[in-house]
Amino acid sequence: DTEVTQTPKHLVMGMTNKKSLKCEQHMGHRAMYWYKQKAKKPPELMFVYSYEKLSINESVPSRFSPECPNSSLLNLHLHALQPEDSALYLCASSQVLERGTGELFFGEGSRLTVL
Amino acid sequence: KNQVEQSPQSLIILEGKNCTLQCNYTVSPFSNLRWYKQDTGRGPVSLTIMTFSENTKSNGRYTATLDADTKQSSLHITASQLSDSASYICVVRGGYNFNKFYFGSGTKLNVKP
Chain A
1 DTEVTQTPKH LVMGMTNKKS LKCEQHMGHR AMYWYKQKAK KPPELMFVYS YEKLSINESV
61 PSRFSPECPN SSLLNLHLHA LQPEDSALYL CASSQVLERG TGELFFGEGS RLTVL
Chain B
1 KNQVEQSPQS LIILEGKNCT LQCNYTVSPF SNLRWYKQDT GRGPVSLTIM TFSENTKSNG
61 RYTATLDADT KQSSLHITAS QLSDSASYIC VVRGGYNFNK FYFGSGTKLN VKP
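Chain order of the listed sequences is A and B. Number 51 in the numbering used here belongs to position 51 of the first sequence; there are no gaps in the numbering. Number 38 in the numbering used here belongs to position 38 of the second sequence; there are no gaps in the numbering.
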């Protein structure tokens, strides 16, 4: 079983809805990530938090808003999404480079469908 | 430009046969390379990690190799099983932002009975 927990597993929302994806890890990792994955494609990086501060934003549209309330939690707030935003959203965590070999531990993902 | 390329894109083999997946990268500086297995609709799971000084590493029926000089890695699967059907993704950590991982496009393996 993965040690990164994502909720919900499935989410269906309309283009005017506001929803959030949640991610939690208790491995003491200080780097957390959001990836977006379309069918038959590799994960694409969206955001990276390092020591609870946003360190990378891969030019993601503002309708996606990340939040890292503490070292164990990572949220992705969704608002006014488009149907093309439908995808599998993966959360991951890792040690920061200087403290380990930097394995990415992935959650099972949240399958998002935008109608 | 930091890139990771995998081949083949897809592969079909019969149960019990062996196969080898390839990964070439241009990421610099290099930190480590991992092979991940991803079942459809699930999160990727790490199979093995290769650091700069390692040439070969095994994990059960999976054996990974790394040639840091040519920047090539391979994943060899022995005596394939139906449960090996999945996407295999090569992920390289490196570059000048230490929290960035570079993903290959994956190899889709289909093991048939």
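Check the hints yourself; a few may be wrong.
Partial pick of chain A residues on the chain B-facing surface, computed with a CB cut under 10 Å [said to hold, decoys possible]:
| hint | residue |
| --- | --- |
| 1 | Lys40 |
| 2 | Lys41 |
| 3 | Glu44 |
| 4 | Glu52 |
| 5 | Ile56 |
| 6 | Cys68 |
| 7 | Gly102 |
| 8 | Phe105 |
| 9 | Gly109 |
Hints are computed from structural coordinates only; laboratory data are not their basis. The beta carbon of each residue, even a glycine, is placed where N, CA and C say it ideally should be.
A quick look at each hint next to the structure:
no.	hint	result
1	Lys40	holds (7 Å)
2	Lys41	holds (7 Å)
3	Glu44	holds (8 Å)
4	Glu52	violated (13 Å)
5	Ile56	holds (7 Å)
6	Cys68	violated (13 Å)
7	Gly102	holds (5 Å)
8	Phe105	holds (8 Å)
9	Gly109	holds (5 Å)
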